[in-house]
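K.L.:
Going line by line, the protein sequences match chains A and B.
Quick note: the first sequence, position 97, residue 97 per the numbering used here, numbers continuous.
Quick note: the second sequence, position 37, residue 37 per the numbering used here, numbers continuous.
Some hints here could point you the wrong way.
No distinction is drawn between identical chains; accordingly, a pair holds when it is met within one copy or between any pair of copies.
[Said to hold, decoys possible] Mimicking DSBU-like on lysine-lysine, the simulated pairs with C-alpha atoms at most 30 Å apart in a straight line are: (1) 73 x 105; (2) 105 x 93; (3) 8 x 97.
No lab work stands behind these hints: they were computed from the structure.
What follows is each chain in one-letter form.
There are 2 protein chains.
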Amino acid sequence: MDTTQLLKGVLDVAVLAVIEQEDGYGYDVVRRLRAAGLDDIAEASVYGTLRRLFHSGLLTSYVVASDAGPHRKYYGLNDVGRAQLADSAATWKQFVKTMNVVLTKESAA
Amino acid sequence: MDTTQLLKGVLDVAVLAVIEQEDGYGYDVVRRLRAAGLDDIAEASVYGTLRRLFHSGLLTSYVVASDAGPHRKYYGLNDVGRAQLADSAATWKQFVKTMNVVLTKESAA
DNA sequence: CACACTACTCTGCTAAACGCAGTAGTGTGC
DNA sequence: GCACACTACTGCGTTTAGCAGAGTAGTGTG
Numbered sequence: 001m002d003t004t005q006l007l008k009g010v011l012d013v014a015v016l017a018v019i020e021q022e023d024g025y026g027y028d029v030v031r032r033l034r035a036a037g038l039d040d041i042a043e044a045s046v047y048g049t050l051r052r053l054f055h056s057g058l059l060t061s062y063v064v065a066s067d068a069g070p071h072r073k074y075y076g077l078n079d080v081g082r083a084q085l086a087d088s089a090a091t092w093k094q095f096v097k098t099m100n101v102v103l104t105k106e107s108a109a
Numbered sequence: 001m002d003t004t005q006l007l008k009g010v011l012d013v014a015v016l017a018v019i020e021q022e023d024g025y026g027y028d029v030v031r032r033l034r035a036a037g038l039d040d041i042a043e044a045s046v047y048g049t050l051r052r053l054f055h056s057g058l059l060t061s062y063v064v065a066s067d068a069g070p071h072r073k074y075y076g077l078n079d080v081g082r083a084q085l086a087d088s089a090a091t092w093k094q095f096v097k098t099m100n101v102v103l104t105k106e107s108a109a
């Protein structure tokens, strides 16, 4: 099965969670997500998500010069972002529970 | 948060699981999924998923006359479907674990 | 015979992840 | 001193899949 479809709607939460830990820029968020186990995540997806979240008003943004490459566009959570994260994480957990009900009923052997 | 996006890729597994329990027809699968907690699932999504899974060769299909309405198109799992279900369920569980890592690292306070 | 419930189909819309290409900045090796 | 690798970001077009909404029937009830 392709995990691409599973990511839908979840990448938002994942990115928010990673940034809450510590402010991050795109390239770095990609690495942190991959390190956490989302191995085959695409760069374009993360950059796209960051832009979407920022334009939705959930993130702050500031640019920092780098000593090893181009400048970095850092993102951080604001209050709206933190609230959204809490909310989405709760929705996710509830969803997982529901799916567990659906899946464990299977062949009640 | 909208659960629509969370369903992506997961509805397949959910439908397969429900059908493995017992053969079912569209209208009935919808009710069983809703009963399990996927309240706001749309009929069109389930019928679409059933057709997709059938055409992918995971389901068998047979028509039964009903005593209370039009005929019913029942679906059942074949071996390919059962294998796919096992596989997808495993992928899902792994994905949930990964997401748990991502989410619980959050604010390691 | 109108209406409700069952049961299914079809068309078109939309969100979001991704592939791919392109643009730069920096540092390393030949 | 130039090719190449790595860092860092942007933009466009494609694809997948869930959903809204409308339509078509069959059955049974007031």
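K.L.:
State for each hint whether it applies.
P.N.:
Comparing the hints with the structure gives:
For the homomeric pair residue 73 and residue 105, the shortest alpha-carbon distance between copies (23 Å) is at most 30 Å, but the shortest distance inside one copy (47 Å) is not. Proximity of residue 105 to residue 93 under the C-alpha cut-off of 30 Å is found in both arrangements, the shortest distances being 19 Å within a copy and 15 Å between copies. For a Cα distance limit of 30 Å, the shortest separation of residue 8 from residue 97 qualifies both inside one copy, at 18 Å, and across copies, at 16 Å.
When held up to the earlier numbered hints, the structure conflicts with none and fits them all.
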